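There are 2 protein chains.
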Amino acid sequence: MILTVTLNAALDLTYEVDALVPHRAHRVSTVVEKAGGKGLNVARVLTRFGEKAVATGLLGGRNGSRVAELLDVPNMFETIAGETRRTVVVVDGDATGFWEPGPVVSAEEWASFVDRYTALLKVARVAVLSGSLPAGLPVDAYAVLVTAARTAGVRVILDTSGPALDAALRAGPDLVKPNAEELAEVAPDADLSTVDGVLAAAAALRAHGVGTVLASRGPEGLIALTPDGAFRAAPPHPVSGNPTGAGDACVAAIARAWAHRTPWPGALRDAVAASAAAVAAPQAGDLDVRTFLSLRHGVAVTEI
Amino acid sequence: MILTVTLNAALDLTYEVDALVPHRAHRVSTVVEKAGGKGLNVARVLTRFGEKAVATGLLGGRNGSRVAELLDVPNMFETIAGETRRTVVVVDGDATGFWEPGPVVSAEEWASFVDRYTALLKVARVAVLSGSLPAGLPVDAYAVLVTAARTAGVRVILDTSGPALDAALRAGPDLVKPNAEELAEVAPDADLSTVDGVLAAAAALRAHGVGTVLASRGPEGLIALTPDGAFRAAPPHPVSGNPTGAGDACVAAIARAWAHRTPWPGALRDAVAASAAAVAAPQAGDLDVRTFLSLRHGVAVTEI
Numbered sequence: 210m211i212l213t214v215t216l217n218a219a220l221d222l223t224y225e226v227d228a229l230v231p232h233r234a235h236r237v238s239t240v241v242e243k244a245g246g247k248g249l250n251v252a253r254v255l256t257r258f259g260e261k262a263v264a265t266g267l268l269g270g271r272n273g274s275r276v277a278e279l280l281d282v283p284n285m286f287e288t289i290a291g292e293t294r295r296t297v298v299v300v301d302g303d304a305t306g307f308w309e310p311g312p313v314v315s316a317e318e319w320a321s322f323v324d325r326y327t328a329l330l331k332v333a334r335v336a337v338l339s340g341s342l343p344a345g346l347p348v349d350a351y352a353v354l355v356t357a358a359r360t361a362g363v364r365v366i367l368d369t370s371g372p373a374l375d376a377a378l379r380a381g382p383d384l385v386k387p388n389a390e391e392l393a394e395v396a397p398d399a400d401l402s403t404v405d406g407v408l409a410a411a412a413a414l415r416a417h418g419v420g421t422v423l424a425s426r427g428p429e430g431l432i433a434l435t436p437d438g439a440f441r442a443a444p445p446h447p448v449s450g451n452p453t454g455a456g457d458a459c460v461a462a463i464a465r466a467w468a469h470r471t472p473w474p475g476a477l478r479d480a481v482a483a484s485a486a487a488v489a490a491p492q493a494g495d496l497d498v499r500t501f502l503s504l505r506h507g508v509a510v511t512e513i
Numbered sequence: 210m211i212l213t214v215t216l217n218a219a220l221d222l223t224y225e226v227d228a229l230v231p232h233r234a235h236r237v238s239t240v241v242e243k244a245g246g247k248g249l250n251v252a253r254v255l256t257r258f259g260e261k262a263v264a265t266g267l268l269g270g271r272n273g274s275r276v277a278e279l280l281d282v283p284n285m286f287e288t289i290a291g292e293t294r295r296t297v298v299v300v301d302g303d304a305t306g307f308w309e310p311g312p313v314v315s316a317e318e319w320a321s322f323v324d325r326y327t328a329l330l331k332v333a334r335v336a337v338l339s340g341s342l343p344a345g346l347p348v349d350a351y352a353v354l355v356t357a358a359r360t361a362g363v364r365v366i367l368d369t370s371g372p373a374l375d376a377a378l379r380a381g382p383d384l385v386k387p388n389a390e391e392l393a394e395v396a397p398d399a400d401l402s403t404v405d406g407v408l409a410a411a412a413a414l415r416a417h418g419v420g421t422v423l424a425s426r427g428p429e430g431l432i433a434l435t436p437d438g439a440f441r442a443a444p445p446h447p448v449s450g451n452p453t454g455a456g457d458a459c460v461a462a463i464a465r466a467w468a469h470r471t472p473w474p475g476a477l478r479d480a481v482a483a484s485a486a487a488v489a490a491p492q493a494g495d496l497d498v499r500t501f502l503s504l505r506h507g508v509a510v511t512e513i
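As given, the protein sequences belong to chains A and B, one line each in that order.
Just so you know, our numbering puts the end of the first sequence at 513, numbered straight through with nothing missing.
Just so you know, our numbering puts the end of the second sequence at 513, numbered straight through with nothing missing.
In isolation and in its complexed conformation, chain A is listed as follows:
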């Protein structure tokens, strides 16, 4: 089983309007409600691959109950007193997003979640920790979860950013997926438009105790600095579509590869094909397995 963790899940509302004009009133033509959260996307992609995944995390209040109702993946969430946040995305062709800050989580609720997570780790092969932290959680919350996974002998992927990522690096996650800002922060002198620059920044991050650093180059694919060497993986051709959720599909593919003990070149081939298939999918956060399979053959992985 692959365990995905979403500490700051959301009730995602998508509003369609004709055209967003600041400081005007807009009639929303259609409202779509979805269970939102990067860990939920990871679990959904895993389910598409026929993989056994369980989503856990924190849910609370009316929005939390609604998210639980909308969940389309096996899940065991901890209930909290605070209200799960909403995200509102206004679509007028392009998307404008509004992210609520999320609930305050008490120390007792956090301790109770850590117990639940630790119990789930006993039956997990890989743990994936995704997204932002809600208010009230210590900044090193992910460090606690990474340490628990390592203690349980479960490989752990951490896909977050900012202080939540910084504070968890020394706990030694098996893989992190920093964005361009984080790479620039650890290696301010590196030219991130070059492969060498990205490798220098990735090496600086690995020096904190991280196993693998996976750097996305958008449509150009991935660069991975792993304990077994550095790799570059590129899709057969550019794929157009919605990049939302491509990172979650990438992480899901790596988690699946690890669960099946697939070595690096194959894991990266899967990751690039899954990202591209997610971009091509009409629904953000979803993925078509046939597209994945047809793209996978063409992914070029080279050791660098």
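None of these hints come from the bench; they were simulated from the model.
Here the structure is a predicted model, which means the values were calculated and not measured.
Hints should not be assumed to be uniformly reliable.
Which copy is meant is left open, because identical chains are indistinguishable; a pair holds if it fits in one copy or across any two.
[Stated by the list, open to error] Below 20 Å or equal to it, Euclidean Cα-Cα: the simulated SDA-like pairs (lysine to any residue) are:
id : residue 1 : residue 2
1  : K331      : G438
2  : K243      : W308
3  : K243      : P436
4  : K243      : R271
5  : K261      : L279
6  : K331      : P397
Using the hints, position chain B against chain A.
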């Protein structure tokens, strides 16, 4: 008792952001949830005046329960299966609004509401019908409610717009408060920037069977074409602030005057002072009674 009707109540969400930039993501710094709906504002203003008011209407789903929790006025709402709409207002100094369309109401739910409303009319002196109609209600829904009020001998104020207003005119509401668009529609040749033009349009509306037509001239006050003659009422001085809710305060003042059998000049003095006090209130939809009383002395009402 004054009965206020809100058929399309809302869970009002106010999001504060630094600056709204279309096609970007925004972190919301604070979220405020309120029970929204013009009839609720009317009931709130009446309660501020120490007047007995009961709010009724339709509420459903999780949003409806949240509205019920947030309600700060006596109320007897009908529960429906559909989900009460949300409104999202993004504030970055100025306000940008997004209105969800509202629930679909079944014929059975509507019949059940009409029964409840008819029962409440037996103990009401005035009924106030405010705001838009949710989907699934017949366009003449307000005509049904106006007719029921007249049958019960209860004076009825209708504050709506568009087809919902047009379809209810012939049922003979005792007062309507058309906006500039509606006045322009019934009297396309009238110059609405002049008092005579407004009176011509009001006369055209009255000819449909309406008792009184109340036309707002914004900061310049009101023009009223009543069965007892035409009046003009102006505040002592311009008041700056938030005009949201000023119309509801105006309607509340008229309903209160009618409940106390106050003749027209006094009723219009109250209406103008209440509107101005609502504009001056720091909270939209609220009103300070002391400001109302201090403004009231200075309102000039002239028969025209």
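Hints the structure violates: just list their numbers, smallest first. As far as the earlier hints go, 1, 3 and 6 are violated by this structure, in ascending order.
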